[in-house]
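Trainee: Next come the chains, spelled out residue by residue.
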Amino acid sequence: MSRIILTNLVRFVALVFLQVFLLKNFTLYNISTPYIYIMFILLLPFEIPNVLLFVLAFIMGITIDAFYDTPGLHAASCVVLAFVRVLFISITVQKDGFDNEPEPTLSMMGFRWFFTYALILTLVHHFFLFNLEVFRFSEIPYTLSRFVLSSIFTVFLMLLSGFLFFRKKERK
Amino acid sequence: MRNLLIFITKYNAFFLFLIFEIISLVIYIKYNSFQKATFISSTARVTGALYTQVNGAKDYLHLKDVNDSLAKENARLRGQLKTSFYKDTSAKHEVNDTNYKQQYTFIEAKVINNSINRRNNYITIDRGTLQGVAKGMGVICGSGLVGKVVFAGEHLSVVQSLLHKDSRFSAMLATGKELGYIEWSDDLNPHKGILKDVSNNAQPKLGEAVVTSEFSLFPAGIPIGKVSNLHSRQGGYSLNMEVTLAVDFSKLQYVDVVVNKLANEQAGLEAQQKKDE
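Protein chains in written order, with the numbering used here: chain A, 1 to 172; chain V, 1 to 277.
So that you can see chain V by itself, here it is in the shape it has in the complex:
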């Protein structure tokens, strides 16, 4: 017993190392999936408040870019106003639309923390469950797809951006409608993604748009990027191609969280189907 104690005190550094290393690794493995890591993350009270403060100061540096993008969006929206269409019938007919009910609504949010230079990038936004954000919702911005909510706090939420090793979204080629899925390219370039598993029948062209498909969290047709290289990786029975992303993640300021009103119903039905099988 005494010898054991002497042994332990003599090599105390090693035993301390073991203890602390095991604690950290347990935290890393257990909380890395972002399920319960409320107390060590950027939505926690202290870190969240600090990020909000610093971001307030940073905003001034981006005012010009934000103004430009808002002006562009204004112009685009103005183009969709009724007043900007030419009326070519004189008879007045009213459309009381009962066929189309709104399926998607959007919650605007401000980015208060963002990164693009790590292997797994997360974005923190200033909307939470109180405003209706929930885990699993899609996130887009003016220029295209951004990511998916992985953790919703009361006032803040964390979004797993497309620039993440586990991010994978259903996508399709805009003209041919061939399905595939989009991932971040593994050379860590924040402007490049890879569209994978497109069927061999597709004939993609350079510069063709890639958009979200009907099977994603998003409304179909949200832009993702443009095909920039057809021969990036050979995938055997399917085509893989390199895509230049439409969103500049380094300049992300405002995003929209996509609320799908039918999501619960769909999830419930699909769970039912799994149970039946």
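Just chain A, with the same shape it has in the complex:
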């Protein structure tokens, strides 16, 4: 139990640092910016209570907001993300299927499931984020292209880190 808390704490700090000090300066053709920090919310354990999930998502969003000078923007998107996560998991995973505290990682769940999971959640989060940020009808083509290309970039980085921290299945 304490191991899970420690892992997630380290992951939180590491992802915030990575996002704020490295990826913030990072953009492809002025259009594609990755927001890898949402991986923290994706990788929380399956059995986390909903209250805790929403509180953590909110805290993560507000932390990123503090560094990006956009109070509330990332927090709102993260809360949407947490809600979609609850829905997605309740549809695709059986409740009593996991016993030894598994997390929804690439190594635990396999490529196909994790890819769908990451793709759908990232798309929802980015769509909400970019449209909340700009909110102008005249700029919809730019917003949409930023949304699609940034999502691809983010999912790519997520899969990359999933393979980087790949562990052999512990379940027998």
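It should be emphasised that the hints constitute simulated quantities derived from the structure, not laboratory data.
Fair warning: there could be bad hints in the mix.
Heads up, simulated BS3-like pairs for lysine-lysine below, C-alpha to C-alpha not over 27 Å straight-line [said to hold, decoys possible]:
(1) Lys30/V with Lys196/V
(2) Lys24/A with Lys251/V
(3) Lys110/V with Lys261/V
(4) Lys24/A with Lys261/V
(5) Lys135/V with Lys275/V
(6) Lys24/A with Lys110/V
(7) Lys196/V with Lys72/V
(8) Lys196/V with Lys226/V
(9) Lys251/V with Lys135/V
(10) Lys226/V with Lys251/V
(11) Lys261/V with Lys177/V
(12) Lys192/V with Lys72/V
(13) Lys30/V with Lys165/V
(14) Lys64/V with Lys24/A
(15) Lys72/V with Lys110/V
(16) Lys24/A with Lys58/V
(17) Lys135/V with Lys261/V
(18) Lys177/V with Lys226/V
(19) Lys24/A with Lys30/V
(20) Lys192/V with Lys24/A
Computed from the model, here is a short list of chain V residues facing chain A with C-beta under 8 Å [stated by the list, open to error]:
(21) Asn12
(22) Phe17
(23) Phe20
(24) Thr47
(25) Val54
(26) Tyr122
(27) Val158
Every residue, glycine too, gets a C-beta built ideally from N, C-alpha and C.
With chain A's structure known, arrange chain V on it following the hints.
Mentor: Below, chain V alone, put in the same frame as chain A:
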């Protein structure tokens, strides 16, 4: 009552979602105008200190560029020294200038946080109200216009850069003096702006300089950029043109905050006039 409780616990995710979403949206809408967002922003103690630390390390990477720009500025300033002018009269005459009093002073500041790749970009600088920075002051750098102070803390301030969807500054064509206003182009290219609402009589040429006008926060004639495309957008009764910005926002290191000594007087008078109408 009991059924209601069962209903709420069964769909608790949805209700939690509603609660947190409303909290975040309220924060977003209420603080987005940058009026009071002191506790969630890069001027706050923790984030500000972290940015200052990281920026200290980053500075080493930019030393060469900064040196180059300083050397260039030195050369330019040296050119304005009295000693570099040729004296062509032998009679000595002294000018005790009573016609010109200083209107603008400048506070130099260092950029400690900057972005160019978002729709709304802000710059954090390391000068605040203790050094005389106040909300609404203009900000320039060696090569041209940068933006406007939107929030001044004690030691740090936040500048809304020209690369922001709400940034709009009065500008004019350098040779014809035709007025217009400059905005960031909406394709999010950090090197391009759009000069809008120039009168149809103007005959702009490609490569003509665009500078700040007398009606801006800045001294007149601060460079903004050069006209790079005349047919960018048709604006009906007025001309719009694309401008290549003079400032490279990605390499911004040192800026100057413009203090207009007459700003208060002007604002006071204009408020008076509004009251009279």
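Trainee: Holds or violated: lysine 24/A and lysine 58/V, Cα atoms, limit 27 Å.
Mentor: 14 Å, holds
Trainee: Measure nothing beyond the straight line between the CA atoms of lysine 30/V and lysine 196/V; if it is 27 Å or shorter, mark the hint as holding.
Mentor: 30 Å, violated
Trainee: Restraint: asparagine 12/V near chain A, CB-CB cut 8 Å. Satisfied or not?
Mentor: 5 Å, holds
Trainee: Hey, lysine 135/V versus lysine 275/V, does the alpha-carbon distance stay inside 27 Å?
Mentor: 23 Å, holds
Trainee: Hey, lysine 196/V versus lysine 226/V, does the alpha-carbon distance stay inside 27 Å?
Mentor: 14 Å, holds
Trainee: Run the distance test for lysine 24/A versus lysine 30/V: straight-line Cα separation, threshold 27 Å.
Mentor: 24 Å, holds
Trainee: Are the Cα atoms of lysine 24/A and lysine 110/V separated by 27 Å or less?
Mentor: 19 Å, holds
Trainee: Taken at face value, is the distance from the CA of lysine 251/V to the CA of lysine 226/V at most 27 Å?
Mentor: Distance ~19 Å between lysine 226/V and lysine 251/V Cα, so the pair holds.
Trainee: Does lysine 72/V lie within 27 Å of lysine 192/V when you go C-alpha to C-alpha?
Mentor: 24 Å, holds
Trainee: With the threshold set at 27 Å, check whether the alpha-carbon distance from lysine 64/V to lysine 24/A stays at or below it.
Mentor: 23 Å, holds
Trainee: Hint threonine 47/V vs chain A: min CB-CB distance below 8 Å?
Mentor: 5 Å, holds
Trainee: CA of lysine 135/V to CA of lysine 261/V, is that 27 Å or under?
Mentor: With a Cα-Cα distance of about 14 Å, the restraint between lysine 135/V and lysine 261/V holds, given a limit of 27 Å.
Hint compliance for this structure: hints 1, 4 and 7 are not met, and every other hint is.
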